[in-house]
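Enquirer: Here are the chains, one letter per residue:
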Amino acid sequence: MTSTFFRILVSISAFPIGILHAEEPVDFAREVLPILSNKCFSCHGPDTKKAKDLRLDSYAAAIKDRKGILAIDPDDLEESELLFRIHDQDDPMPPEDEGKPLTEPEREILSRWIKEGGKYASHWAFVPPRKEKSAPKSAAIDSYIGIAHKAHTPPVTPAPRADLSTLARRAALVLTGLPPEPEVLEKFLADKSPDAYEKFVETLLDSPHYGEHQARYWLDAIRYGDTHGLHLDNRRGIFPFRDWVVRAFNDNLPLDDFITWQLAGDLLPNSTITQKIATGFVRMNPTTSEGGAIAAEFQAKNNFDRTETFGTVMLGMTLTCARCHTHKYDPIIHDEYYSLLAFFNSTAESPLDGNKYDHGPAMKAPANPAEWELLDAFEKKQEGATDPQKSFTSTTLIASELPKPRVTRVLQRGEYHSPFGDPLQPDVPAVMGTFPDDAPRNRLGLAQWLTSPDHPLVARVLVNRMWQRVFGYGLVRTPEDFGLQGEQPTHPELLDWLAVDLKENNWDLKRMLRLMVMSRTFQQSSKRRPDLEDPENRLFARGPGFRLDAEVIRDIALWSSGLLNGTMGGEGVKPYQPAGLWKALMHPASNTKDYVQDKGSRLYQRSLYVYWKRTSPHPMMTLFDAPNRESSCVKRSRTSTALQSLALLNETQRIEMARKLAERIITSAKDDQQRLDILYKLLACRPAREKERTVCLKLLEGMEASYSSRAEDAKALLSTGDAPVNESLNQIELASWTQVVITVLASDIALSLF
Amino acid sequence: MNFSREHDLNITRRQLFGRGALGLGTATMAQLLGSEALAQTPDSPDGLHHPAKAKRVIYLFMSGGPSQHDMWDHKPRMREMAGKDLPEHIRDGQRITGMTAGQKTLPLCPSKYEFTKQDNNDQGVWVSELLPHTAKVAKDLCVVHSTFTEAINHDPAVTYIQTGSQIPGRPSFGSWLSYGLGRMNEDLPGYVVMHAKTNFGEQSLFNRLWGPGFLPSEHQGVLLRSQGDPVLYLNNPKGVTRTDRRTQLDALAALNETQHDQFGDPEILARIKQHEMAYRMQTSVPELMDLSDEKESTFTLYGEEARKAGTFAACCLNARRLAERGVRNIQIFHRGWDAHGNLPREHESQCKDIDQACAALITDLKQRNMLEDTLVVWGGEFGRTAYCQGKFSEKNYGRDHHPRCFTTWMAGGGIKPGITYGRTDDYGYNIVQADGTPIFPQPTKDHWTPGSVHIHDLNATILHLLGIDHRKLTYRYQGRDFRLTDIHGHVIKELLL
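Those sequence lines, one after another, are chains B and S.
Under my numbering, the residue at position 53 of the first sequence is numbered 53, and the numbers go up by one with no gaps.
Under my numbering, the residue at position 105 of the second sequence is numbered 859, and the numbers go up by one with no gaps.
Next comes chain S alone, as it looks inside the complex:
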């Protein structure tokens, strides 16, 4: 009997640096994992389930539910119906939140913003005036109008799209990637999360959105912060120099080696390595954050805001710098999209935060030949209603949460550029077929309906681009082989190059 194999199976994940369950070095992994991991056995020479189009992902998460009506989903006929009640057959039994459930009418609310049709590589895409810069990179975007979810409130909905379950407890999207892909740069964390500043923070985020759930906790996202130490506890205490630290670490290694000689615990050696990595991070992170090596043109591209730590623009620039350094898994959370009341004022500010930077990120990656293997994802947890929350006015309005359709875009990393996917009805309320034929009942997560993209489908597609079969990236917990997409998910082939 040989217990060491079983142990290897457990420690390999933890100790082989830069190695995930898949990805680099997984030939070894696959062998070690044996039969139980057949589901994870790579079929591709690079150690993944299939060749990856994207080596890394930058996920721009707009927390709160950006309004597809005012940004991406152009509904000219709504102008004629302004103020009229949402027809019952369009609502089609959709449950609505406690915030508008008591409203006597659901007055239809056209966007006050002008839309222009931008050329892309297909039929063109309508973009609102709120996004003048993003409009210019339309040829790189794959705009999905038919993303949908079941959740109608923030906490469950954000938890759902980021963990695959509305109830807390599952690993986050990013942790799954960390577990699956490992890391390429040993001097930086493999999974980095940033929180961008906003003028409208009426939104909560939760550690669980980048938390490991039941995966080993080394897969939790590492916050790259704009306040204090960029990585928690990165800097030496006052009065301790780098030379002091070196001396200290050498002593620490010697002490740990004594203990290892005495007890033979291999974890001690792993810890010695981690201390060395931490020491390297103390230079690699400040170097990452030091923008002095950026040319002026960078700030022309991203805007002057990119010089201010913590802005969305600065986060996007950091994302590019992280990507350049081999960090594969980057998420930026931007709050403030929950426009129940003063949508115009709030969304104008929000769009100003993100518009130029989104476009800059794509242009920048493209200039550096990185867009082809970097997947950029933009979107929120749900959309907003076609009707107005509260009293309707053409100039100022608010919109409630809407799960049935919302707009998400992706770019690079094997995504078909310059297309739109999915169509909604004239109210921007329901997903319809490509030719405009209504679909009743609406698509569900259980059976993929062409033209629709459930959030599990979105996640399945993202994983696919990274070389991962979403059905095979599993982790056994409580007797079940869990996965990000639960028992659902369909890779939307139409979106792939």
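The following block holds chain B by itself, in its conformation from the complex:
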């Protein structure tokens, strides 16, 4: 097959579904602009240096007369220079040495576009989302997915519904990061009423595990870590912020407040303790206090980090390019980067952290659920509740503003020692709308701008990441980039509908997730469809199926084994970790050079609470694709590696969890088949299938035969991990079952959403 053939396919499939009708006029924003951006803008885009040089990023510039030559000639479109140049064999545009030649379909689209008038339109993501007038009144998700199915050639029918137990497992994992509790599952499966699933979903949304699971995605995005991140990588006081995030999700704090408190809780009138704790967000950037570090340098670097993370998390935009020069692709000019940065440039903390845990400003904050209760009571003005802050036993970093703002100037080429031009006032990139007239020019104003009804990006970016959590892939497959170089949404009208709906309904996250998991689209079977060539599920013509994240994989095993410690929050926990990992990396002066493993119940807290040392996160996290949290991550990779296999089968906690799960099933039933069914019900929400039963019982039999002559080995296996062994059980049987459970826990039913 020729590579041209592949090229056509690749470029076609980058377009949204359902708009590929050759007879329709070319859609500038969806079809033309991505080509111009990728192939032309690096020389003819927003960053074009000289006034006389051609720019192709606006209609006005493209039709400008340049000594009689017009890139687009509105009076004689066929004579447009652009047409000639893209077809010029001898001196083609883009030039060969740029290494990005146009493909034939791209040339075709550009030609059609010019011949149809060469008109420009805004990039889709910069136009505020609207619900179409013809928008479906109900079941919008299924309607829009269905419209695309019908428009597809050949038309597509949705997959059949997943069976109820699979659906229950799927919904529970998506919402809470854990399988459903057996009694909740039983109740759901026995409930024949029409709203049985809805009630089941409500139970999940009400579970405290919901907030824990949803928080984890946010912590990835905002690069939460328990250490400063640079050089000594010392401990930092910040976990109360993490616990606040969990509580905010469980309380279903509207997302506009969720954003505002984090960006500017300290600037709200009469701000509460909770709102101040939320400003830990502003302090999340990695910091250093390396001997010799220059404060001004890190003032700049910290701000770069904050501004760019803000761009990724809130705007779905990469701003990094504009740190050094006007963006090559997206219409963000150099000055605008620094105007945006100016919002962050006046926070009160020293740019060097002093390697201190409580690198101020910091405040006392709740260290555990009991202390949070006191705070709740006080802030809800319950009778008799007094200000509990003095009694709090932990510290958390917060943001506060200097009385007199720092001066912000453009930094030439992003170098901290090369400021130039006039002082800039805090402002937002023009292409994303205007800053509200009545808003203060500080972080609070920035939050007001973000959460204003007409903001083009925030709601889209947020619902896209929700969709990604629920369906495995976003409607925009580049959740980190909604700019010109990002992918187009596969279902643009649906994305917009969801974004508007979120805003119209008080930024209610639970409501939005409920809409998604209640959709017929979500409830489809996830079986791959041989009738469709759609391995990445761009049509959403099957249910979601993907490998689960590191935390979920560990939590499923903790939960099923009965070891899970439900304590919510507190100082990060330190489960088993191979000795010496931190020591091999760390400076002797670092207070995180020694990994002191926890004892007792702290070994079994949910993975969300595992201590996050940014220069060396827990290997059971990083081996399964967790980011290091030094920089923002809004989409984890999902890899399969041999090292994961070793970890699944050999790591201490995996063995311990398997043993406790083996004890649980042995003590729950007398019969091996029943025991196996219990195991499968916990992990897959259904009894073992015939073949699974055969395989597992054969393995059990083989292990029993083997261990009966190797009692020492059986004992050794059972001694792995701190949890006490149930000595009343037959140790050969327990060891053999442990082996079976290790195997089942390493199999797809314990690793994947399906």
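Since the hints were derived computationally from the structure, they do not count as laboratory data.
Here the structure is a predicted model, which means the values were calculated and not measured.
Errors might be hidden in some of the hints.
[What the hints assert, rightly or not] Computed Cβ-Cβ distance ranges for the label pairs, DEER-style:
#, chain 1, residue 1, chain 2, residue 2, range
1, B, 350, S, 804, 44 to 52 Å
2, S, 1045, B, 719, 26 to 34 Å
3, S, 1191, B, 117, 58 to 66 Å
4, S, 1045, B, 348, 20 to 28 Å
[What the hints assert, rightly or not] No more than 20 Å apart at the CA atoms, straight line, and that leaves these computed lysine-lysine pairs for PhoX-like:
#, chain 1, residue 1, chain 2, residue 2
5, S, 838, S, 1149
6, S, 1062, S, 1120
7, B, 583, S, 1062
8, S, 951, B, 593
9, B, 328, B, 50
10, S, 992, B, 715
11, S, 1145, S, 866
12, B, 593, B, 356
13, S, 871, S, 838
14, B, 49, B, 328
15, B, 328, B, 100
16, S, 951, B, 583
The C-beta atom is built at its ideal place from N, Cα and C for all residues, glycine as well.
Got chain B; can you put chain S on it based on the hints?
Expert: Frame of chain B, contents of chain S only:
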């Protein structure tokens, strides 16, 4: 419409074993990648951008900033200027770290060590007495005196040379190679990182230095450790034999196949393969680490230290054994070079750690006809100052961080042997032209100045030797085609055979 092509494009990287974005099997890759990957289309029959001189790289990274003054950059005139203040025109506005910024004077500090001129294939090279063994392989070394960076503190500087950016978040050098080259041995990791022991660990390393950044995380470096399991979780738990594991894996494959029959998810099949590879690694790694098949002469060459797990010498020997087994991408990190105070005591110990082993590695590779296609790189993140940190004394001194020039050497893998490149002024402070003419302002990363080697140039040159055009090895993230060398980098042709 055919979505499977787009998917193939994504999974090919992940699932084709031993295949990188380039390298073996990339004819397929190039086709699959289509137009978007034209920038990566190989021009060479072996699937690379151009024929590779080096099949593998062993990178000896000296973390902390080894002192070029005391090891490689001989400055006899400094003796006359001992204790005098660094002239302003030599400092030329160079910013200095917070550690010496407050010093009233910057007293020039000649090295206390004797240098001897060693024959090479050109004008000879001066080597200090701290490196007696390395001096003997001078004919194989290409010694670059003019490596430079902008960063002046460790964390940003190490992050810069290893990821191309001073701010964390980018893929590491090794991950880029893993992504570009893939692997040749399916029973060992493709990218191996070792941490060598040191007596002076006043230095931090970070996972990001071998981390994948935004590349798929399978490209992260795999630690080969001297403590506990050599590869994390390599060994079966207590009470589980290899036979047990085999039985278990067969059952696991059967369970996964059931699930695959039910759902058809191709990732399940990929996972079955990975379990098998893990099983093979459980023998291939111990075999790698078992030195009993080494002759006595090996230990004569590398020194007795090579028998002690975790020493730099043992790491070098492991590196050779890895290279022999087709591992293409090997890095050894040796900490402890940050000599602010007692430089003589610290550097003497540090050099003792590495000297014999560096020379042995080169000799060993050469004896096995592997040096010609194995690139060995030695260097740190920056150099050290010509002036003394704290009070000057001829016998004991310290030096602060110096970004403007430092010494790096390379050997084998298509590098011109037995030459020096780049020259510094009489203070070892600034890069000068070959004839000694000063260059003011100093070279920058933006425009290559003959005789200078910015760290991006160094990385570009290393990639070039491996058959990769540093401008073409890209990965799109956040709408931008990122590369190791950012928007910089110049292949230093003068260093190539």
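Enquirer: Next step is simple, just say for each hint if it's right about the structure.
Expert: Structure-based check of all given hints:
1. 350(B) to 804(S): 44 to 52 Å: 49 Å, holds
2. 1045(S) to 719(B): 26 to 34 Å: 31 Å, holds
3. 1191(S) to 117(B): 58 to 66 Å: Hint holds: Cβ distance 60 Å, inside 58 to 66 Å.
4. 1045(S) to 348(B): 20 to 28 Å: 57 Å, violated
5. 838(S) to 1149(S): Cα-Cα ~16 Å, so holds.
6. 1062(S) to 1120(S): Violated, because 24 Å separates the two Cα atoms, which is more than 20 Å.
7. 583(B) to 1062(S): 18 Å, holds
8. 951(S) to 593(B): Roughly 15 Å between the alpha carbons, so the hint for residue 951(S) and residue 593(B) holds.
9. 328(B) to 50(B): The given pair, whose Cα atoms are some 14 Å apart, holds under the 20 Å limit.
10. 992(S) to 715(B): Satisfied, since the Cα-Cα distance of roughly 9 Å is no more than 20 Å.
11. 1145(S) to 866(S): With Cα atoms ~15 Å apart, residue 1145(S) and residue 866(S) stay inside 20 Å; holds.
12. 593(B) to 356(B): 15 Å, holds
13. 871(S) to 838(S): 27 Å, violated
14. 49(B) to 328(B): 11 Å, holds
15. 328(B) to 100(B): 15 Å, holds
16. 951(S) to 583(B): Measuring from Cα to Cα gives roughly 11 Å; hence the hint holds.
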